[in-house]
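Chemist: Modelling step: build the complete structure from the supplied sequences, incorporating the hints.
So the protein sequences, as listed, match chains D and A. Be aware that the first sequence starts at 1, since it is given in UniProt numbering, and climbs by one per residue. Be aware that the second sequence starts at 1, since it is given in UniProt numbering, and climbs by one per residue.
Just to be clear, a hint being listed does not mean it is correct.
[What the hints assert, rightly or not] Here are the computed lysine-lysine pairs in the DSBU-like style, where the Cα-Cα straight-line distance is at most 30 Å:
#1 Lys48(D) x Lys14(A)
#2 Lys183(A) x Lys47(D)
#3 Lys48(D) x Lys104(A)
#4 Lys48(D) x Lys15(A)
#5 Lys47(D) x Lys45(A)
[As the list claims (entries may be wrong)] Some but not every residue of chain D turned toward chain A, in silico, with C-beta under 10 Å:
#6 Ala108
#7 Thr120
#8 Gln123
#9 Tyr174
#10 Leu209
[As the list claims (entries may be wrong)] Not close to chain D: a few residues of chain A, all C-beta gaps over 10 Å, as computed:
#11 Pro35
#12 Gly145
#13 Val215
#14 Asn229
Since the hints were made in silico from the structure, they are not lab data. Keep in mind it's a predicted model, so treat the numbers as computed, not measured. Where is the CB? At the ideal position from N, CA and C, for every residue including glycine.
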Amino acid sequence: MTITQFVTKNWVYIRDSLVRHLELVVIAVLIGIVISIPLGILLSRNKKLAAPVLAAVGVIQTIPGLVMLGFALLLFGIGMKPAIFALSLYAILPILRNTYVGITGVDAGCIEAGRGIGMTGSQVLFMLELPLALPSIVSGIRISTVYIVSWATLAGLIGAGGLGDLIWTGLSNYNTQYILAGAIPSAVMAFLFSGLIGLAQRALTPRGLRRVKQ
Amino acid sequence: MIQFQNVNKSYGNKKILDDLSLEIRDGEFAVLIGPSGCGKTTTLKLINRLIEQDNGKITIDGRDISEENTVELRRRIGYVIQQIGLFPNMTVEQNISIVPKLLKYPKEKCDEIVHSLLKLVEMPYEEYAHKYPAELSGGQQQRIGVLRALAASPPIVLMDEPFGALDPITRELLQEETRRIQKKLKKTIVFVTHDMDEALRLADTILFMQEGKLVQAASPEEMLRNPANDLIRSFMGRHMESANGTAKLLAEDFMRTRVLKVPETMHTLECIEMMRQRDVNTLVVLHEDDTYAGTVSIETIRKHGQAGREIRELISDEAMTISRKEDARAAFDQLLASSLQYLVVLNEDGTVAGLITRTSMAKAMGEALWGELTS
Numbered sequence: 001m002t003i004t005q006f007v008t009k010n011w012v013y014i015r016d017s018l019v020r021h022l023e024l025v026v027i028a029v030l031i032g033i034v035i036s037i038p039l040g041i042l043l044s045r046n047k048k049l050a051a052p053v054l055a056a057v058g059v060i061q062t063i064p065g066l067v068m069l070g071f072a073l074l075l076f077g078i079g080m081k082p083a084i085f086a087l088s089l090y091a092i093l094p095i096l097r098n099t100y101v102g103i104t105g106v107d108a109g110c111i112e113a114g115r116g117i118g119m120t121g122s123q124v125l126f127m128l129e130l131p132l133a134l135p136s137i138v139s140g141i142r143i144s145t146v147y148i149v150s151w152a153t154l155a156g157l158i159g160a161g162g163l164g165d166l167i168w169t170g171l172s173n174y175n176t177q178y179i180l181a182g183a184i185p186s187a188v189m190a191f192l193f194s195g196l197i198g199l200a201q202r203a204l205t206p207r208g209l210r211r212v213k214q
Numbered sequence: 001m002i003q004f005q006n007v008n009k010s011y012g013n014k015k016i017l018d019d020l021s022l023e024i025r026d027g028e029f030a031v032l033i034g035p036s037g038c039g040k041t042t043t044l045k046l047i048n049r050l051i052e053q054d055n056g057k058i059t060i061d062g063r064d065i066s067e068e069n070t071v072e073l074r075r076r077i078g079y080v081i082q083q084i085g086l087f088p089n090m091t092v093e094q095n096i097s098i099v100p101k102l103l104k105y106p107k108e109k110c111d112e113i114v115h116s117l118l119k120l121v122e123m124p125y126e127e128y129a130h131k132y133p134a135e136l137s138g139g140q141q142q143r144i145g146v147l148r149a150l151a152a153s154p155p156i157v158l159m160d161e162p163f164g165a166l167d168p169i170t171r172e173l174l175q176e177e178t179r180r181i182q183k184k185l186k187k188t189i190v191f192v193t194h195d196m197d198e199a200l201r202l203a204d205t206i207l208f209m210q211e212g213k214l215v216q217a218a219s220p221e222e223m224l225r226n227p228a229n230d231l232i233r234s235f236m237g238r239h240m241e242s243a244n245g246t247a248k249l250l251a252e253d254f255m256r257t258r259v260l261k262v263p264e265t266m267h268t269l270e271c272i273e274m275m276r277q278r279d280v281n282t283l284v285v286l287h288e289d290d291t292y293a294g295t296v297s298i299e300t301i302r303k304h305g306q307a308g309r310e311i312r313e314l315i316s317d318e319a320m321t322i323s324r325k326e327d328a329r330a331a332f333d334q335l336l337a338s339s340l341q342y343l344v345v346l347n348e349d350g351t352v353a354g355l356i357t358r359t360s361m362a363k364a365m366g367e368a369l370w371g372e373l374t375s
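Modeler: Structure (structure tokens):
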């Protein structure tokens, strides 16, 4: 069977897997963002907590993907839920760390000046710290997204679908075409996400900071 | 008026401010100075409550600042820091107008403020308003830092070693500008520095601190004349010499030593030739034992001199003399009161040490003020 024949024959399957894969990635990263950015802000306000929390989140990162999925399976049963749970956990660390580092890395003189001229705590955060930390935060999101695109292929194992489904089908049948039909789109997806977020990062970097780097 | 009453502040066991009381009047340029760790920056930051005292009371115009809302308090007090602290994500215009915006001034009012402030430091609006801090030089950045502090017309401006990181030339320029702006806008400025030059140049009142206490509060002149202790004296260093040294300056400090001297036995024609060559119209004449005899001018020789005769009989004693150890003040008085061009300075033994001319006087004055001159 030629590639074209294979794709035509399995088009619906491939398309659905691709869409599901996208869903998994986007939802997991969004959950990661929603947890990590506020947590990162909190840690930047409470630096004593930062080291233990970052270490704990780091430990999660070291748990092998399959083991994590196993746990999630025990908690949520089969389907998308356990996959999203596990992937979200993986998405946290890079975003959290970059948010924390980004905010704590803002020039102390700039913060002192902000407070000294009468900005409230939230004005310092929204007018100074977050805009200045944004490039770092977005770069964390980029790293997380690329990771999650590849880890989401494991989700097929617990019935969550996605491009992993194709790969595992191929692996169990010794069918290269299935494997490639899963692997190539996921690689392209990782590449595209990385590029798109990179563009977004440029656009979101305050103009005043962009020039410094030149 | 800013008043500190028995203010204490400690970090752990370390006492930073020790029962500090002080007063800064409205419209005064007050400079806090002292060795590092004396508590001057802490004192400054207590005023806008970036730091809170352990006990004691701080009032502005009689109102206890600890009872005020910190954010509102700070918006009424300008603040300039050494690290400049411009917001890198905002343009010059946005940086300057930040406090007016926080205070919800209408947009036209903010625009007006930015225009007039940039004019104040001669940075054209069109050229600078839309630049980012990173595109400016250090001096320009700190100018904007000062303008930002002035934007909402606060009556009080706090400055924490604002020019410490700038090169000497820029620093001096900004000091001048700050002084000019302060006089023009009649601000109360509290300025922290460790540089006595800066304090003397800027201050109406210098507040000298040491180990958390105010040691002396006085005008620069008063502090130079009567420093309260040895530490202040050592801080003043070279300024003390030039301020108090006027009494010690002697005639010899102002004289020039290259003088054309001739023996009284010289002949008239030789003297005229010498004066012509050296382009002078008077010579100092010495007795045979090298002591001062008087002077002889070219006119006298022309009028009364006969060829081949010694100049002995033409010597005039109208030039005034002064001993080299005499007070320079006396020399100045004599020289300025008379129409004489010079004074002759004599050694103890009556020989000639030098001349004080108006030029040598001006040169010595210049060196006392600005150090060694080039020519």
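Chemist: Taking the hints in turn, state whether each one holds.
Modeler: Okay, the hints, checked on the actual structure:
Using a Cα cut-off of 30 Å, the hinted pair Lys48(D) and Lys14(A) holds, with the two alpha carbons roughly 23 Å apart. Annotation: proposed proximity of Lys183(A) to Lys47(D) is violated, straight-line Cα distance about 44 Å (limit 30 Å). Between Lys48(D) and Lys104(A) the alpha-carbon distance is near 36 Å, which puts this suggested pair outside the 30 Å criterion. Using a Cα cut-off of 30 Å, the hinted pair Lys48(D) and Lys15(A) holds, with the two alpha carbons roughly 26 Å apart.
Only pairs whose Cα atoms come within 30 Å are accepted, and Lys47(D) paired with Lys45(A) is accepted, the gap being roughly 23 Å. Interface restraint check for Ala108(D): the shortest CB-CB distance to chain A comes to about 7 Å, inside 10 Å, so the restraint holds. Taking 10 Å as the C-beta cut-off, the interface hint given for Thr120(D) holds, the closest approach to chain A being about 5 Å. With 10 Å as the threshold, the beta carbon of Gln123(D) comes within range of chain A, its nearest partner Cβ sitting at about 7 Å, so the hint holds.
The beta carbon of Tyr174(D) comes no nearer than 56 Å to any beta carbon in chain A, farther than 10 Å, and the hint placing it at the interface is violated. At a threshold of 10 Å, the smallest CB-CB gap from Leu209(D) to chain A is about 6 Å, leaving the interface hint in force. At roughly 23 Å from the closest C-beta of chain D, the C-beta of Pro35(A) stays outside 10 Å, upholding its exclusion from the interface. The claim that Gly145(A) is not at the interface with chain D is violated, since a C-beta of that chain comes within 10 Å of its own (minimum 8 Å).
No beta-carbon of chain D is positioned within 10 Å of the beta-carbon of Val215(A); the least distance is around 27 Å. Every CB of chain D is more than 10 Å from the CB of Asn229(A) (nearest about 32 Å), matching its label as outside the interface.
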